[in-house]
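**Student:** What follows is each chain in one-letter form.
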Amino acid sequence: MKTLIVIDQPPYGSLLGRELMDMAFSLSAFDRRVDILFAGAGVNWLRDNHQPELLQQKNAAKNLSAAQIFGVERLLASTADLKRFQIDPGQLKYQVELVSEPVDNAYDHVVRL
Amino acid sequence: MATETPRPSLGLVITGAPYDSQAPQTALSFARAAIAQGARIQRVFLYSEGVQLASDLLQPPSDETNWHREWRAFLLEHRIPVTVCVASALRRGILDSSEASRFDKPAPNVTEPFCIGGLGDWVELLSADTQVIYFLGQH
Numbered sequence: 000m001k002t003l004i005v006i007d008q009p010p011y012g013s014l015l016g017r018e019l020m021d022m023a024f025s026l027s028a029f030d031r032r033v034d035i036l037f038a039g040a041g042v043n044w045l046r047d048n049h050q051p052e053l054l055q056q057k058n059a060a061k062n063l064s065a066a067q068i069f070g071v072e073r074l075l076a077s078t079a080d081l082k083r084f085q086i087d088p089g090q091l092k093y094q095v096e097l098v099s100e101p102v103d104n105a106y107d108h109v110v111r112l
Numbered sequence: 000m001a002t003e004t005p006r007p008s009l010g011l012v013i014t015g016a017p018y019d020s021q022a023p024q025t026a027l028s029f030a031r032a033a034i035a036q037g038a039r040i041q042r043v044f045l046y047s048e049g050v051q052l053a054s055d056l057l058q059p060p061s062d063e064t065n066w067h068r069e070w071r072a073f074l075l076e077h078r079i080p081v082t083v084c085v086a087s088a089l090r091r092g093i094l095d096s097s098e099a100s101r102f103d104k105p106a107p108n109v110t111e112p113f114c115i116g117g118l119g120d121w122v123e124l125l126s127a128d129t130q131v132i133y134f135l136g137q138h
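Residue numbers (numbering that gives the first Met the number 0), protein chains in the order written: chain A, 0 to 112; chain X, 0 to 138.
Hints are not guaranteed to be accurate.
[To be verified] Pairs of lysine to aspartate or glutamate, DMTMM-like flavour, derived with a Cα cap of 20 Å:
#, chain 1, residue 1, chain 2, residue 2
1, A, 1, X, 120
2, A, 1, X, 95
3, A, 1, X, 128
[Unchecked claim] Short derived list, chain X residues pointing at chain A, Cβ under 7 Å:
#, residue
4, 14
5, 47
6, 118
7, 125
8, 132
9, 135
These aren't lab readings, by the way, just hints derived from the structure by calculation. By construction, the Cβ of each residue, glycine as well, lies at the ideal position given by its N, Cα and C atoms.
Using the sequences and the hints given, assemble the complete structure.
**Tutor:** Structural data, given as structure tokens:
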């Protein structure tokens, strides 16, 4: 069984994105197959140089660089949404696969909150 | 000889809070209909804002439905286990007696059948023979 976690919420301003990330890491902790798709405002997770201290918050993306070490198989990002938020795919610091088409059908379980 | 059709197995995840969203209400209507049609609900998992449903302290006006009480009665009647995600719960002030004691809080607000637990209970629901349905709050 393979699960896709869709993070379509920005890293700050709402807890939902972080709670989706917790779900992804829980799946990997239990050796379940999981990919994460960043879409909509969720692509802002992939920006470099977060400054969470200005918001008195933790760096939401801190664990992202280690996602694959923790067992998350693939990080995916919507090409259209990267463009919409003016994020240059060539500048991404994470190993991210770009997707242009819906990918839900490749998964047994898809989670959006 | 005819074989018996297995009962559909369901897991329900509620992420919307009562009185901020309709998620707990819709989930309860669904759950009642599913049970009436012979389905088995393996577990209810409260996550994100959905953990608010577990609070004993919810007190809507007397002419509004108390969704906490409705859910409690339903869960007890059908002996359905319910997990209140600990990470979501603690930061929202939802605690059972054990957590209240651990964090030196004056009182708990979660009692049985609601049970504080981890995301592992949600992960366990994700199996080929169980359909997991999400009842979301509003963004």
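**Student:** Next step is simple, just say for each hint if it's right about the structure.
**Tutor:** Quick rundown of the hints versus the structure:
1. A:1 with X:120: Within the cut-off at roughly 17 Å; holds.
2. A:1 with X:95: Measuring from Cα to Cα gives roughly 33 Å; hence the hint is violated.
3. A:1 with X:128: Roughly 14 Å separates the two Cα atoms, so the pair holds.
4. 14: holds, 5 Å
5. 47: holds, 5 Å
6. 118: Cβ of residue 118 (chain X) sits 4 Å from chain A, so the hint holds.
7. 125: holds, 6 Å
8. 132: violated, 11 Å
9. 135: Cβ of residue 135 (chain X) sits 6 Å from chain A, so the hint holds.
Going through the hint list in order, the structure does not satisfy hints 2, 8.
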